[in-house]
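Chains P and Y supply the protein sequences, listed in that same order. Per the working numbering, the first sequence starts with residue 44, numbered consecutively. Per the working numbering, the second sequence starts with residue 211, numbered consecutively.
Just so you know, these hints were derived from the structure itself, not from any lab. One or more of the hints may lead you astray.
To be verified - A partial selection of chain P residues facing chain Y, derived with a Cβ cut-off under 7 Å:
#	residue
1	Phe-57
2	Gly-80
3	Arg-83
4	Ala-118
5	Leu-122
6	Met-125
7	Pro-134
8	Cys-172
9	Asp-193
Glycine included, C-beta positions come from ideal geometry on N, C-alpha and C.
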Amino acid sequence: MMMEREQREQRELFGVIATFAGPAELLAATRQAREAGYERLDAFSPFPIHGMQRALALRPSVLPWMVLAGGILGAAASLGGMLYINVIEYPMIVGGKPHAAIEPLIPIAFEVCVLFSAVTAVFGSFFLCGLPRLHHPLFSSAEFARTTDDGFLLAIEASDPRFDPDQTVRLLESLGGKPVTLVEV
Amino acid sequence: MTQQAVTQPATTQPVTTLDPRLPYVLGDHDNHSLTELVCGIVERPVPRWWWPAFLISLTVASGALFAAVYLISTGVGVWGENQPVGWAFDITNFVFWVGIGHAGTLISAILFLLRQKWRTSINRFAEAMTLFAVACAGVYPLIHVGRVWMVFYLAPIPNSNAIWPNFRSPLLWDVFAVSTYATVSLMFWYVGLIPDLATLRDRATTRPRQWIYGFFALGWRGSARHWHHYEIAYLLLAGLATPLVVSVHTIVSFDFATSVIPGWHTTIFPPYFVAGAILSGFAMVLTLMIPARELFGLRDLVTNQHLDKMARVLLATSLMVGYAYGVELFTAWYSVNFYERFAFMNRVFGPLAWGYAIMVSCNVLIPQLLWFGRVRGKPWMLLTISILVNVGMWFERFVIIVGSLERDFLPSSWGRFVPTWVDILQMVGVFGLFFTLMLLFLRFLPMIALSEVKGILPHPSHPGSTHYATEDQSVAHPDKELMVT
Numbered sequence: 044m045m046m047e048r049e050q051r052e053q054r055e056l057f058g059v060i061a062t063f064a065g066p067a068e069l070l071a072a073t074r075q076a077r078e079a080g081y082e083r084l085d086a087f088s089p090f091p092i093h094g095m096q097r098a099l100a101l102r103p104s105v106l107p108w109m110v111l112a113g114g115i116l117g118a119a120a121s122l123g124g125m126l127y128i129n130v131i132e133y134p135m136i137v138g139g140k141p142h143a144a145i146e147p148l149i150p151i152a153f154e155v156c157v158l159f160s161a162v163t164a165v166f167g168s169f170f171l172c173g174l175p176r177l178h179h180p181l182f183s184s185a186e187f188a189r190t191t192d193d194g195f196l197l198a199i200e201a202s203d204p205r206f207d208p209d210q211t212v213r214l215l216e217s218l219g220g221k222p223v224t225l226v227e228v
Numbered sequence: 211m212t213q214q215a216v217t218q219p220a221t222t223q224p225v226t227t228l229d230p231r232l233p234y235v236l237g238d239h240d241n242h243s244l245t246e247l248v249c250g251i252v253e254r255p256v257p258r259w260w261w262p263a264f265l266i267s268l269t270v271a272s273g274a275l276f277a278a279v280y281l282i283s284t285g286v287g288v289w290g291e292n293q294p295v296g297w298a299f300d301i302t303n304f305v306f307w308v309g310i311g312h313a314g315t316l317i318s319a320i321l322f323l324l325r326q327k328w329r330t331s332i333n334r335f336a337e338a339m340t341l342f343a344v345a346c347a348g349v350y351p352l353i354h355v356g357r358v359w360m361v362f363y364l365a366p367i368p369n370s371n372a373i374w375p376n377f378r379s380p381l382l383w384d385v386f387a388v389s390t391y392a393t394v395s396l397m398f399w400y401v402g403l404i405p406d407l408a409t410l411r412d413r414a415t416t417r418p419r420q421w422i423y424g425f426f427a428l429g430w431r432g433s434a435r436h437w438h439h440y441e442i443a444y445l446l447l448a449g450l451a452t453p454l455v456v457s458v459h460t461i462v463s464f465d466f467a468t469s470v471i472p473g474w475h476t477t478i479f480p481p482y483f484v485a486g487a488i489l490s491g492f493a494m495v496l497t498l499m500i501p502a503r504e505l506f507g508l509r510d511l512v513t514n515q516h517l518d519k520m521a522r523v524l525l526a527t528s529l530m531v532g533y534a535y536g537v538e539l540f541t542a543w544y545s546v547n548f549y550e551r552f553a554f555m556n557r558v559f560g561p562l563a564w565g566y567a568i569m570v571s572c573n574v575l576i577p578q579l580l581w582f583g584r585v586r587g588k589p590w591m592l593l594t595i596s597i598l599v600n601v602g603m604w605f606e607r608f609v610i611i612v613g614s615l616e617r618d619f620l621p622s623s624w625g626r627f628v629p630t631w632v633d634i635l636q637m638v639g640v641f642g643l644f645f646t647l648m649l650l651f652l653r654f655l656p657m658i659a660l661s662e663v664k665g666i667l668p669h670p671s672h673p674g675s676t677h678y679a680t681e682d683q684s685v686a687h688p689d690k691e692l693m694v695t
């Protein structure tokens, strides 16, 4: 028992989370927390909230560029592969058309382009979100479980240079967070 | 354990005066009550009708397995197909099922890009339907290739015989189109599910549920950083799925249009097939959604207004299909081509005239009832019409495929197609497969896209303002951000 308690005391804090009444309150609190100088903070909600991107000063997602690259790769690889087979590997006249005719290859090139783009969009977004991640310190918090139901939460991480257990909690309470709780790593 | 016990009575609404700006969620719902309503279906014990329905579907589905095994072990001769009708029930059912799938993608992707917020209540359900319909469609090409164990030759795999697929053939385009479509539909559906799987994970009361839903939720936390990338990914997938869905049925129609058979060789086929696909798909969504919303008490989410909008799409696509039927006949006459004219005379008055009559009345004439608001407001009328449209769309493919093959250029090679019991068992069994998958989906996954519906809910914490209800939640618009302050 003693050992356990000691270990718990030694455990580091992950940060502090505060629950807000709704999307507008969460958005306002996020803005004010950032104005107060906090950098390492994140907002959690059951659905995306407009303006949160700006409130958290998130850079535009690089996902579209990844998808563009995926699409170009898919189209180029399929066109190149089909041309290689039709012209070099196994040249055969079909319907009296030239070996290197590109027109009949368009449908497959299009489909593979879409396939590669979609795969990049899905796995690229997982990568950018840091998923899959099967455990996270926040999952240990009972309040946090509400975020996928009806909870609007703001978390400030302990790794933030301005983080101070007392002051940060007080700030979040003054912004309307209720309840405000500390979360361990 | 009845579903009614937790369901709030659905608000009655006048059917004839549907305001386009009526809320899409009726009743006094907040975020939490929506979660309870939708997740409760998955978490409570199954309703009493579920097991009988599931067992019947599964039994019927096993018929498809039996028919397929019998076909593969005995030979293609067990089907009624022979010269000259080399394509019959298999391709008819393949096109039928692929077509049904298209409504799901239309609702999830095209209506998303068009910012039709009413899609949020039905998109999950329709996407699941798409996925299962494509799975059902996939059964047919797989078994009708004859030697199923050689099916890998469809893929360009280097082999010692130096045999490559013919990339110039529409049949191979079809392989790529349908497999891409199935993959993208699955990913689109899964990406949409992730936030809701996280909801189920966080509500789980038992370890296995927590683990299984937790595994598939991938650790989703609803973080602003997650949503930031997620919204872009969803938008991009919608943008990719839109041309994809049009290309799939276009390519399916190329299977016919690029051949020389009279009645197939027409340029109108791609748009004609896409319109028909949307018609049949919306009909299937209505056929499934109307009983589902009653059985699960979801009338607050799938309102009469939703049904009304789907009925309007049904009417619009029915008119497009009717136009295509007319243009086909006109083109045959205007072409002054003997064979083309004969093919269409044969289609309307020939041995399959009864099939043509069913297709025209079910797809074009009966849906005209949907002009009347009174009809659109009565779910049982919509259900009847949608089932008839499904029947009609099946016959459309049957008449086009079999009718044209039975009567081609040479009268000496004419023939008739008569389905065997294996054909029929295969067809009925695949319907069983579809309903089995659908029932499993209803049992284990949230059938309403919760995170999206919550996004269009007006928020009480923000009185006097309905930004969250009136502005599209799902796409980030920097120009709209100022309004939120």
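Status of the hints after comparison with the structure:
no. : hint    : in the structure
1   : Phe-57  : violated (13 Å)
2   : Gly-80  : violated (18 Å)
3   : Arg-83  : violated (12 Å)
4   : Ala-118 : violated (13 Å)
5   : Leu-122 : violated (10 Å)
6   : Met-125 : holds (5 Å)
7   : Pro-134 : violated (11 Å)
8   : Cys-172 : holds (5 Å)
9   : Asp-193 : holds (4 Å)
The structure is inconsistent with the numbered hints 1, 2, 3, 4, 5 and 7, although it conforms to all the rest.
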